[in-house]
Amino acid sequence: MSLIDVKNLKVEFETADGIVSAVNNVNFSMDEGKILAIVGESGSGKSQTVFGMTGLLDHNGSATGSVKFEGEEILNLSNQKLNQIRAEKIAMIFQDPMTSLNPYVRVSKQMTEVLIHHQGVSKSDALKQSISMLDAVRIPDASNRIRMYPHEFSGGMRQRVMIAMSLLCRPKLLIADEPTTALDVTVQAQIMKLLADLQKDFGMSIILITHDLGVVAGSSDDMLVMYGGEIMEIGKTENIYASPTHPYTQGLMSAVPRLDDSEERLVTIPGNPPNMMKAPEGCPFAPRCKYSIDKCNSESPILVKASNDDHFRACHVSKEKIL
Amino acid sequence: MNNQPILEVKNLKVNFDVSSEGDMPWTKAKKLQAVNDISFSLNAGETLGVVGESGCGKSTLARAIVKMVPAEAGEVIWLGNDLLGLSHSETRPYRKQIQMIFQDPLASLNPRMNIGEIIAEPLRTHYPKTPEADVQARVIDVMNKVGLLDNLMNRYPHEFSGGQCQRIGIARALILKPKLIICDEPVSALDVSIQAQVVNLLMDLQEEMELALIFIAHDLSVVKHISTKIMVLYLGNMVELAKSDDIYKSPSHPYTQALISAVPIPDPNVEKNKDLILIEGDLPSPINPPSGCVFRTRCQKAQEVCALEKPEFKGIAQDHSVACHFHD
Chain G
14 MSLIDVKNLK VEFETADGIV SAVNNVNFSM DEGKILAIVG ESGSGKSQTV
64 FGMTGLLDHN GSATGSVKFE GEEILNLSNQ KLNQIRAEKI AMIFQDPMTS
114 LNPYVRVSKQ MTEVLIHHQG VSKSDALKQS ISMLDAVRIP DASNRIRMYP
164 HEFSGGMRQR VMIAMSLLCR PKLLIADEPT TALDVTVQAQ IMKLLADLQK
214 DFGMSIILIT HDLGVVAGSS DDMLVMYGGE IMEIGKTENI YASPTHPYTQ
264 GLMSAVPRLD DSEERLVTIP GNPPNMMKAP EGCPFAPRCK YSIDKCNSES
314 PILVKASNDD HFRACHVSKE KIL
Chain D
6 MNNQPILEVK NLKVNFDVSS EGDMPWTKAK KLQAVNDISF SLNAGETLGV
56 VGESGCGKST LARAIVKMVP AEAGEVIWLG NDLLGLSHSE TRPYRKQIQM
106 IFQDPLASLN PRMNIGEIIA EPLRTHYPKT PEADVQARVI DVMNKVGLLD
156 NLMNRYPHEF SGGQCQRIGI ARALILKPKL IICDEPVSAL DVSIQAQVVN
206 LLMDLQEEME LALIFIAHDL SVVKHISTKI MVLYLGNMVE LAKSDDIYKS
256 PSHPYTQALI SAVPIPDPNV EKNKDLILIE GDLPSPINPP SGCVFRTRCQ
306 KAQEVCALEK PEFKGIAQDH SVACHFHD
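As given, the protein sequences belong to chains G and D, one line each in that order.
To convert, note that position 231 of the first sequence is 244 in our numbering; the numbers rise steadily by one, no gaps.
To convert, note that position 85 of the second sequence is 90 in our numbering; the numbers rise steadily by one, no gaps.
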């Protein structure tokens with residue numbers, strides 16, 4: 014049984030200018046112990062997909078469809094039940110650790126209250142567990158540093174504190190929303206290594222949201238490419254990098270300059286990302302796609318198998334014409 | 006003329022005064038060395054890439070060259086004249102020749118001016134007597150150059166996307182026909198597909214107009230793509246300077262090596278099998294930099310001499326200099 018199973022997920026926002034559909038018809042499932050990367054540019058709906066799944070949408074947003082976690086429907090549950098799930102089974106870390114931590118409260122209090130509230134352990138036990146968790150994320154001198162305030166930590170250390178906090182209740186699934194975007198490359202390498210080690214030690218699954226194709230290549234088993242609120246391609250990371258079958262994935266891969274390669278000119282994708290207020294009918298990528306045919310502008314393509322090993326693509330143009 | 010560098014920076018130093026919490030009014034402010042002893046030269050048509058992590062002094066270096074922050078010591082020699090020794094009004098003629106573009110494209114455009122006015126402003130400031138028809142013609146000319154339709158001239162910045170705003174910033178920098186453009190993280194705020202468009206645009210313009218560029222970014226892959234030579238900074242100090250291929254193929258400084266190994270390569274086969282050199286810990290405080298070599302606190306090769314003696318920045322091969330006692 015898969016850990017999480019998403020069917021026909023749709024996320025819409027009611028705004029003063031009308032309804033914006035941020036996520037359309039998203040279907041995917043993920044197995045236990047895997048790392049799934051969701052890749053896309055800003056506004057592609059990658060964050061809203063997981064916010065919709067976990068009930069964290071803004072007050073004007075609504076999600077429809079079905080999200081099954083360990084076989085149980087969790088979409089649009091009551092806040093109380095969702096809080097229980099989000100505390101014990103699904104944890105989340107965000108891009109900017111400073112905005113996720115309370116600047117007025119010592120790290121010790123912020124960490125122990127998770128355990129005291131959700132698992133009813135005593136204060137001293139909670140402190141002990143928190144210190145050992147800070148050790149696990151390799152914060153030196155954890156027993157002293159736990160008494161510090163968030164501003165006394167550096168950016169990389171703060172992200173470690175966030176990771177430690179999210180793991181306190183031993184979640185089954187960790188959702189990491191751009192966890193290293195605000196960090197320098199050398200720190201990013203440390204954090205990604207740490208996440209990979211923790212994933213093995215704790216046996217959890219990770220959904221990694223990122224726009225950095227390099228990070229995805231190094232750390233995920235499966236990947237999902239989003240554009241304009243829809244899934245363009247989904248499959249094993251190695252397969253997608255080896256042979257991207259969707260024009261958008263291909264464009265994205267060749268637009269990134271590689272350090273180990275010196276091409277004269279970058280390949281660009283002409284045009285700009287779609288305005289979701291008036292999302293194009295049909296395939297969202299059609300206006301920028303060099304392969305687009307008439308059908309692309311009227312009918313939205315659905316995900317179909319691209320090859321035998323769980324590789325799916327959403328494109329009207331056949332794979333052979335693109336490769 | 007072509008072999009004569011257009012810009013030469015010699016031993017540039019920038020310090021900031023900082024006071025910390027609990028200081029008495031009479032306590033002497035501490036010195037933060039943001040840029041320490043940086044020297045390089047740049048020829049026409051060349052691109053110097055400047056890389057380093059946040060807080061290493063990349064932007065301060067750029068600002069010191071155009072005198073947006075005062076330098077403590079050193080020389081900035083532009084076409085034979087030391088800019089730092091000139092007064093404000095004496096600097097003016099040279100400002101036309103050096104222009105800047107910034108990271109956040111929207112924040113660097115005045116929201117109450119339309120695009121035509123924004124792009125024309127440098128021209129109107131430096132050549133106030135230009136007839137209006139000529140100004141309009143020049144604006145249209147640079148807009149076409151950067152790939153903007155000239156009928157967008159009466160629109161306002163908020164109506165444009167990030168990539169287009171960056172094109173507007175580039176057009177504004179180009180209108181004075183500068184010889185050098187300093188780009189401070191010009192593509193960091195853009196999506197990859199747009200980033201590639203802007204990088205290509207800058208490279209095309211450089212070829213067409215014989216521009217020299219100083220390209221500051223933290224993304225080593227982009228910097229390597231666009232630059233002729235690359236300077237690596239750490240805590241305000243130069244650690245390595247070499248041709249961009251050499252920096253990637255034979256990095257000599259332990260920090261450069263770690264930095265290069267930390268850059269993720271978008272290819273699972275390469276990425277999952279590479280030897281990652283992790284550097285432990287965090288950047289030390291620039292108010293209290295380590296004695297001797299600034300990188301020694303995180304360096305795997307550090308020995309006693311590194312704490313005692315600051316390594317000299319010296320050439321180890323042609324066009325390749327490094328500051329390390331134990332370089333490869």
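Because the hints were derived from the structure by calculation, they are not lab data.
Heads up, a few of these hints could be off.
[Unchecked claim] Here are a few chain G residues that face chain D, going by a calculated C-beta distance under 7 Å:
| id | residue |
| --- | --- |
| 1 | P163 |
| 2 | S167 |
| 3 | V269 |
Just so it is clear, the structure is predicted and the values come from calculations on it, not from any experiment.
Beta carbons are placed, not taken as given, at the ideal position from N, Cα and C, and that holds for glycine.
Here is how each hint holds up against the structure:
1. P163: violated (15 Å)
2. S167: holds (4 Å)
3. V269: holds (5 Å)
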